[in-house]
Amino acid sequence: MGDVSRLLADYGPAFGQALFLTWKLTVLSFVPGFLLGMAVTVLRLLPLPPLRFVLTGYVEIFRNIPSVALLIFIVFALPDLEVVIDYEPSVILTLALVCSAFTADYLRAGINTVPGGQVEAALSLGMRPMRIIASVILPQALRAVVQPMTSLLIALMLSTSLASQVPFPGRELTALVSKIATDSAAGIPAFAVAATLYVATGLLIAWAGAALEKKARILR
Amino acid sequence: MSIKSALKSTAVVLAIVAGGPLFAQGTPIDAAAFDALVARGPVADAATIASSTWASKIKQAGKLRLGATQTSNLFSQLNEKDGRIRGFDAGLAQLIARYILGDGATVQFTQVTSSTREQVLINDQVDMVLATYSITPARAERISFAGPYYTSQAGVLVKANNKTIESYNDLAGRKVATQAGSTGPAILAQFAPKAVVQEFQTHQEALDALRQGRVDAYVTDYTLLLNALSLGTGDTRLAGTPFGAQDPYGVGLPKGSDGVAFINAFLKKLEADGTWAKLWTIAIGQRTGSTAVPTPPTIP
Amino acid sequence: MSRPLDDILFGTPSPRAQAVTQVASVTAAVLLLLLAAGIVFRFHSAGQLDARFWEFFAWPTTWSFLGRGLLGTLASAAMAAVIALALGLVLLVGRLARLRLVRWPSIVAIEFLRGTPTLLLIYVCFLVLPPAGVKLSTYWMLTLPIALSTAAVVAEVYRAGVLAVPRGQTDAARSLGLTEAQGFFLVVFPQALRYIVPALVAQLVIVVKDTTFGYVVTYGELMQNAKVLIANYHALVPVYLVVALLYCLVNYAISKASKWLGRPMH
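Chains as they are written, first to last, in my numbering: chain A, 1 to 220; chain B, 221 to 520; chain C, 521 to 786.
What the hints contain is simulated information worked out from the structure, not anything from laboratory work. What you are looking at is a predicted structure, and each value in this text was computed from that prediction instead of being measured. C-beta: ideal position from N, C-alpha, C; glycine also. Check before you lean on any hint, since a few could be wrong.
[Claimed, not checked] A few chain A residues that don't get close to chain C, going by computed Cβ distances all over 10 Å:
1) V4
2) P13
3) L36
4) R44
5) E60
6) G187
[Claimed, not checked] To give a feel for the contact side, a few chain C residues facing chain B, derived at Cβ under 7 Å:
7) F585
8) P650
9) T658
10) Q744
11) K747
12) V748
13) A751
Input sequences plus hints: build the corresponding full structure.
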């Protein structure tokens, strides 16, 4: 315990900044990723074979590609195609793309939980398909996928450790532990602190997700 | 920096700059000459090996575990077509392996970067590290160095069409690449404290960053910059002359290992019988158009 | 099985709707082709379509070199997966135990391993453990953290499957005279497995993805061999594209194999 308090005395503010950076990256990639995933799901519903084909390919690619490989491609290979993206946006872009693919998958499963009868009823009421998607299908689908989306958010939070692999301005938790372990002998306390922060954040998200799920759950 | 070394460096630079267009495709290493040189290397007798616990351990294991790189054009590059690694560092490593293990020496290769070089020695993942590894007091606290076997100063590399940076004095406020865990950050802190530093894991990544415009300049060991020029793509140039202290490259070994004395004795042998000079010519001299063979640094 | 929603929404189009869909389809196809053409053109204008950047892919040595890298990836992934499946079972049994003394440490272990990034665990094996005296080989520095991290997730997946098996099965097993352990391993767990095969395979895909961190501990796998090719031929874009595609193909194949495995058995 003495080690930990000494470590916090030296690196306390650094850990605070690292935690904040982790949270910031998580939020900044989840929001666009989620919205993009939602857009992909909706577009996949449309009866346009070319569009469905391309979007299915999109989802398969970004679900199966390792995040590090994608990040390295964006940071190191894209500039050769004259697309130079700075490091922080590159990390956010990588995480958002991967998040969108998983969101699209989960949301599609969520959509399939909506009873067909509701859609038929809506059609017979004269509602247009797009209106049905927006007012009938999506709201219920979103409420059905709170639990997998919570898992996705936690996984995304853990994936922010990717930022340690590029010359990122600022250090998030994993990069900070790596630096402390290299510069000093306080590797174990640093790891303990970082692990606690990660687990605590994860539990917080899980608790919030569970509470949201209880309220949003549709009992059929 | 003495007049003599300044003149020598300038001569090398001029030779490279003048010969640049000739090396449009990058001169590949003379594989036959390299392989022949390594195959001719001396082999230690049993008594010499027994006098060193480090060498004995390797002899017993039947292979030398080496930490090095396979993507450094002049020093250690893997030709994936025949699976052989060739270069100045690679040659020294293979000569050391042959010295301890004799014919058919086996080198077990582990790819290291600037940030993993110390750790793999501390972790006992490798027996030695030969990877343009500068000897610094900070590193010497965690591991031991044999050598030096080569010296180099720092240099500034910029894109060929960059007219605004002429030396390290012009780096204030510019984005400068360097290798993480190398002497680059310390040199920049001393000579260009106002530069905005970006650290990269490998030489290749830093070079690409310069080429792609992510950074305005790349500061690292001068000889590594010769790498970029020897590729002869013509889109980079050296800004100014080499500067800073003479950077000695050493062979990384576990802390307190008696391999230090063993390798130092061997290095002195190589320098005395001309193998060092021949290796330099094959690996560096012929490929950068410089003919003046530098004198190897003195080994304490 | 009721019709899928998009079929209900758009399944029986009026003639007017059919016409609109046709037009929209064609427009979408044209726009997507334009997009593809734009990307190819960008490749061309950046000089990335030059032969020297692609010709080495025609040599068998290139592919055998990449293949060796892939073997490194799979060697680590396969071992990590096997350990994770076994260790996950151990953690599950601990998690479901009646004894608080066994249950609570299991819960802590699971939450801890699940709640930290695999990359952080890899750094620990590489940077933190050796000074403390634990020196693993390079292979294990990559495989062990991945195995531990995945084991925790697998334990939770097992638990979800076990909880989904109807309680009646356990009761029936007890009434037949089976002990609790026999009931669990012979009756409940095999049925749980059937529910969770897709989730387990999804974890296998994640294990393969995690092996791309091999370079952090200097383990030689596909990404590292890719960097050698790049250094030799300066072909950043083609090599990274091909490698990314290789990873996608491997993971896609694993996922498809799971669907094949999960097909109805009767």
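Against the structure, the hints come out as follows:
no. : hint : result
1   : V4   : 14 Å, holds
2   : P13  : 20 Å, holds
3   : L36  : 16 Å, holds
4   : R44  : 8 Å, violated
5   : E60  : 6 Å, violated
6   : G187 : 4 Å, violated
7   : F585 : 4 Å, holds
8   : P650 : 4 Å, holds
9   : T658 : 5 Å, holds
10  : Q744 : 6 Å, holds
11  : K747 : 6 Å, holds
12  : V748 : 5 Å, holds
13  : A751 : 3 Å, holds
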